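Student: Produce the entire structure from the sequences given, and follow the hints as far as they go.
These protein sequences, in sequence, are chains A and B.
If you read the first sequence in my numbering, its first letter stands for residue 1, the second for the next number, and so on.
If you read the second sequence in my numbering, its first letter stands for residue 1, the second for the next number, and so on.
Just so you know, the hints here were simulated from the structure itself, not pulled from any lab data.
Watch out, some of these pointers could steer you wrong.
As the list claims (entries may be wrong) - Within a straight-line C-alpha distance of at most 25 Å, the following computed PhoX-like cross-link-like pairs (lysine-lysine) qualify:
1) Lys391/A with Lys116/B
2) Lys385/A with Lys58/B
3) Lys53/B with Lys177/A
4) Lys92/A with Lys121/A
5) Lys124/B with Lys177/A
6) Lys154/B with Lys107/B
7) Lys102/B with Lys124/B
8) Lys385/A with Lys116/B
9) Lys92/A with Lys155/B
10) Lys253/A with Lys58/B
11) Lys91/B with Lys124/B
12) Lys363/A with Lys334/A
13) Lys71/A with Lys107/B
14) Lys71/A with Lys116/B
15) Lys154/B with Lys177/A
16) Lys52/B with Lys177/A
17) Lys177/A with Lys116/B
18) Lys177/A with Lys157/B
19) Lys298/A with Lys285/A
20) Lys116/B with Lys102/B
21) Lys391/A with Lys107/B
22) Lys102/B with Lys58/B
23) Lys52/B with Lys94/B
Claimed, not checked - Cβ pair distances, simulated, as ranges:
24) Ala71/B with Val373/A: 41 to 47 Å
25) Asn376/A with Gln63/B: 31 to 37 Å
26) Asp151/B with Glu172/A: 53 to 59 Å
27) Lys177/A with Ala150/B: 18 to 24 Å
28) Ala150/B with Thr176/A: 20 to 26 Å
29) Asp151/B with Pro247/A: 43 to 49 Å
30) Pro313/A with Ala71/B: 15 to 21 Å
31) Ala304/A with Ala71/B: 38 to 44 Å
32) Ala150/B with Ala304/A: 18 to 24 Å
33) Pro351/A with Leu38/B: 35 to 41 Å
34) Val381/A with Pro147/B: 44 to 50 Å
35) Lys107/B with Ala138/A: 16 to 22 Å
36) Asp85/A with Pro147/B: 56 to 62 Å
What the hints assert, rightly or not - From chain B, some residues computed to sit far from chain A (all C-beta separations above 10 Å):
37) Asp72
38) Asp92
39) Val110
40) Asn143
Only a predicted model underlies this, so the values are computations on that prediction, with no experimental measurement involved.
Even glycine gets a Cβ: it sits at the ideal position worked out from N, Cα and C.
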Amino acid sequence: MKRIFFGAIGLVLLGACQLNSNKTINSDVNNAELILPEGFSALVFADSLGHARHLDVNSNGDVYVSLSRVKNGGGLVCLRDKNNDGRADEIKYHGIYDGTGVKLHNGYVYFGADTVIVRYKLTDGELVPSHDAEIIAAGFDHQNQHETKPITFDQEGNMYVTVGAPANACMEQVRTKGSPGMDPCPLLELHGGIWRFKDDVLNQDQAKDGYRYATGIRNAVAIRWNNTENKLYAIQHGRDQLSQFFPELYTNKQNADLPAEEFLLVEDGSNFGWPYCYYDGAQNKKVQAPEYGGDGLKVERCSAADDPIMAFPAHTAPNDVLFYTGDMFPEKYKNGAFIAFHGSWNRAPEPQEGFYVVFVPFKDALPSGSWEVFANGFAGVDVVKSPRDAKHRPCGLAQGPDGSLYISDDVNGRIYRIVYSGK
Amino acid sequence: MKIKFNHLIFSILLGGLILSCHSNTEKKKVEAVSSEQLATEMSENLPVQPAKKEHPGKAVYTQYCLVCHQADGSGVPNMHPPLGPGSWVGKDPKELVALMMKGLSGKIEVNGEVYKSYMPSHAKLTNNEIANVLSYIRSSFGNDFEPVTADFVKKVKSGR
Chain A
1 MKRIFFGAIG LVLLGACQLN SNKTINSDVN NAELILPEGF SALVFADSLG
51 HARHLDVNSN GDVYVSLSRV KNGGGLVCLR DKNNDGRADE IKYHGIYDGT
101 GVKLHNGYVY FGADTVIVRY KLTDGELVPS HDAEIIAAGF DHQNQHETKP
151 ITFDQEGNMY VTVGAPANAC MEQVRTKGSP GMDPCPLLEL HGGIWRFKDD
201 VLNQDQAKDG YRYATGIRNA VAIRWNNTEN KLYAIQHGRD QLSQFFPELY
251 TNKQNADLPA EEFLLVEDGS NFGWPYCYYD GAQNKKVQAP EYGGDGLKVE
301 RCSAADDPIM AFPAHTAPND VLFYTGDMFP EKYKNGAFIA FHGSWNRAPE
351 PQEGFYVVFV PFKDALPSGS WEVFANGFAG VDVVKSPRDA KHRPCGLAQG
401 PDGSLYISDD VNGRIYRIVY SGK
Chain B
1 MKIKFNHLIF SILLGGLILS CHSNTEKKKV EAVSSEQLAT EMSENLPVQP
51 AKKEHPGKAV YTQYCLVCHQ ADGSGVPNMH PPLGPGSWVG KDPKELVALM
101 MKGLSGKIEV NGEVYKSYMP SHAKLTNNEI ANVLSYIRSS FGNDFEPVTA
151 DFVKKVKSGR
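Tutor: Set out below in structure tokens:
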């Protein structure tokens, strides 16, 4: 009798396991506390990983997350869902490097630490790279602001790296009222743009081997090669503190609304005008920065600067952009862009803004409609007055092989997984 | 009717008598109070001014510090440190004056969290402004530290 009993239990469990191994993922009852459009739901893929920045998903579903600060002995988190319930159950910390950039490319995990880009070879099937890190690009300045090195790859053997400017608007004395802007801005030679390297040559040096692909970009943490259009896109963190340094020209309210965060279609030789210019989303044009004689209206040299393809609310801190190519989401999302807005800090004393993921529909290389909030509720409060009020802040975006959307949070390292079931 | 009218007159007169007695007593009370006390009583009864006079350092904080360290002093994760309990605000005021004068950049750790950014020099502020803003911060956001005087700031600047 006992044998039959246990046999029956065994069969039931076996049946249950088989049910779990089909592709249906059960979302969290509370949708991981997110607000999503109809038909979408969310689950927590992993939580409390640390300061999780960007992430990427392997063709076998393994997830790799960069941490801005090493935790549990590693700056790269490797996650695997072994029992197929949609959530990570094997989590390993690896590597001495920490930072923001992380991408899977040609059998390697590439990692963008603040002053060096490395890669770890991934042998087929392994979760944690067993090979040592190789240095791909180095020689980047040590910076105290805009130091992160996000990375993306084209389909011709090139790696693109954002090198942010260690400045706000290239004042002679950093962020100091009354200090004029340096003209020309010497930082542009090795900062404030996007650099291109070979993806498979070791020990490249930024100054000697790097190619300045685009310039006049203050800091683009969101950077992505669009494989469908074969073009590079980036979104800039615009300058700060207009009213603090130029109270005679800008009120605090204007400071909260200027400048727009710019969505850029980046071409070889693009020049988007920083620090001399910023984009005014209300006037829909680039105007001269006050450090260079601007008054909020004058255009002058900025007529020569390249314009964005779309403008977003000021200071919202776009931290990643992803072009959706999966089949899980409805047709309208195909080839459109998801953008993670980390949320502002410098709209004070006005309330902060951002802390959501938006969607921009695309037709070919350009947006085909206005942006809309896709995922909200990360902050956990209705109004964020100080950024620390936000419980979670979206930072990185990745697409899984099944078409689900992964979002990382860098406050405490929650990884969200968004799925669509049409219900 | 006649009788009621007389009653009314009588009540009024009686009431007036009682009232005048009462006010006579009060007059006697007022005469016993000192002129100083009277002045205080009068000023306390003047139309209400703003309940609490704003700390002079708050305006300095709002203009120079708030954008980074936020209205509630909570700072910005990874960038600008908080200024509440457990922060550097309780340090030796000499160090705080030096910080205002020189600014600070690079990686620091506050309350177990890492912050990396650039704080510019505030040497252009007057001794009064520096003293006021430090005193404001040291008595706000949950802090309860000794204020800093302009004299002290002057001494630190001159290297004593």
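Student: Against this structure, judge whether each hint is valid.
Tutor: Evaluated hints:
For the given pair, lysine 391/A sits about 20 Å from lysine 116/B by alpha-carbon distance, which is consistent with the 25 Å threshold. Among the hinted pairs, lysine 385/A with lysine 58/B is consistent with the structure: their alpha-carbon atoms are about 18 Å apart, no more than 25 Å. Annotation: proposed proximity of lysine 53/B to lysine 177/A is violated, straight-line Cα distance about 29 Å (limit 25 Å). A threshold of 25 Å between alpha carbons decides the hint, and for lysine 92/A with lysine 121/A the separation of about 16 Å falls inside it, so the pair holds.
Distance hint between lysine 124/B and lysine 177/A is fulfilled; the C-alpha atoms sit about 10 Å from each other, no more than 25 Å. Between lysine 154/B and lysine 107/B the CA atoms are separated by roughly 29 Å; this puts the pair beyond 25 Å, and the hint is violated. Using a Cα cut-off of 25 Å, the hinted pair lysine 102/B and lysine 124/B holds, with the two alpha carbons roughly 11 Å apart. Taken as a hint, the lysine 385/A and lysine 116/B pair is honoured in the structure, with Cα atoms around 21 Å apart against an allowance of 25 Å.
This hinted pair does not check out: lysine 92/A and lysine 155/B have alpha carbons roughly 54 Å apart, beyond 25 Å. For the proposed pair lysine 253/A and lysine 58/B, the alpha carbon gap of about 20 Å is at most 25 Å, so the pair holds. Distance restraint check for lysine 91/B and lysine 124/B: the Cα-Cα separation of roughly 22 Å lies within the 25 Å cut-off, and the hinted pair is therefore satisfied. Simply put, lysine 363/A and lysine 334/A have alpha-carbon atoms about 9 Å apart, close enough for the 25 Å limit, and the pair holds.
Between lysine 71/A and lysine 107/B the CA atoms are separated by roughly 17 Å; this keeps the pair inside 25 Å, and the hint holds. As the CA atoms of lysine 71/A and lysine 116/B are separated by approximately 17 Å, the hinted pair is consistent with the 25 Å bound. Between lysine 154/B and lysine 177/A the alpha-carbon distance is near 23 Å, which keeps this suggested pair within the 25 Å criterion. This hinted pair does not check out: lysine 52/B and lysine 177/A have alpha carbons roughly 31 Å apart, beyond 25 Å.
At roughly 21 Å between alpha-carbon atoms, lysine 177/A and lysine 116/B fall within 25 Å of each other, so this suggested pair holds. Between lysine 177/A and lysine 157/B the CA atoms are separated by roughly 21 Å; this keeps the pair inside 25 Å, and the hint holds. Taking the CA atoms of lysine 298/A and lysine 285/A, the gap is about 10 Å. The hint holds against a cut of 25 Å. Annotation: proposed proximity of lysine 116/B to lysine 102/B holds, straight-line Cα distance about 16 Å (limit 25 Å).
Taken as a hint, the lysine 391/A and lysine 107/B pair is honoured in the structure, with Cα atoms around 23 Å apart against an allowance of 25 Å. Of the supplied pair hints, the one linking lysine 102/B and lysine 58/B holds, its CA atoms being roughly 21 Å apart against a limit of 25 Å. Note on lysine 52/B and lysine 94/B: the hinted pairing is violated, with a Cα-Cα distance of about 29 Å set against a maximum of 25 Å. Hint check: alanine 71/B to valine 373/A, Cβ distance near 26 Å, so the stated range 41 to 47 Å is violated.
Separated by about 33 Å at the C-beta atoms, asparagine 376/A and glutamine 63/B satisfy the suggested range of 31 to 37 Å. As the Cβ distance of aspartate 151/B to glutamate 172/A is approximately 33 Å, the hint placing it in 53 to 59 Å is violated. The given range of 18 to 24 Å is respected by lysine 177/A and alanine 150/B, whose C-beta atoms sit roughly 21 Å from each other. Checked against the given bound of 20 to 26 Å, the beta carbons of alanine 150/B and threonine 176/A, roughly 23 Å apart, stay inside it.
Restraint check, aspartate 151/B to proline 247/A: a C-beta distance of roughly 30 Å breaks the suggested window 43 to 49 Å. Checked against the hint of 15 to 21 Å, the pair proline 313/A and alanine 71/B passes, with Cβ atoms roughly 20 Å apart. Taking the beta carbon of each, alanine 304/A and alanine 71/B are about 39 Å apart, inside 38 to 44 Å as hinted. For the pair alanine 150/B and alanine 304/A, the supplied restraint of 18 to 24 Å is violated, since their beta-carbon distance comes to about 50 Å.
Judged by the Cβ atoms, the range 35 to 41 Å given for proline 351/A and leucine 38/B is violated: they are separated by roughly 49 Å. Taken as a hint, the range 44 to 50 Å is violated for the pair valine 381/A and proline 147/B, whose Cβ atoms sit roughly 33 Å apart. For lysine 107/B and alanine 138/A, the Cβ-Cβ distance of about 20 Å falls inside the hinted range of 16 to 22 Å, so the restraint holds. Between aspartate 85/A and proline 147/B the C-beta distance comes to about 58 Å, which sits within the given range of 56 to 62 Å.
For aspartate 72/B, the shortest C-beta to C-beta distance to chain A comes to about 5 Å, within the 10 Å cut-off, and the non-interface label is violated. With a least CB separation of 24 Å from chain A, aspartate 92/B remains clear of the 10 Å interface cut-off, as annotated. Listed as a non-interface residue, valine 110/B keeps its Cβ farther than 10 Å from every Cβ of chain A; the least gap is roughly 13 Å. At roughly 16 Å from the closest C-beta of chain A, the C-beta of asparagine 143/B stays outside 10 Å, upholding its exclusion from the interface.
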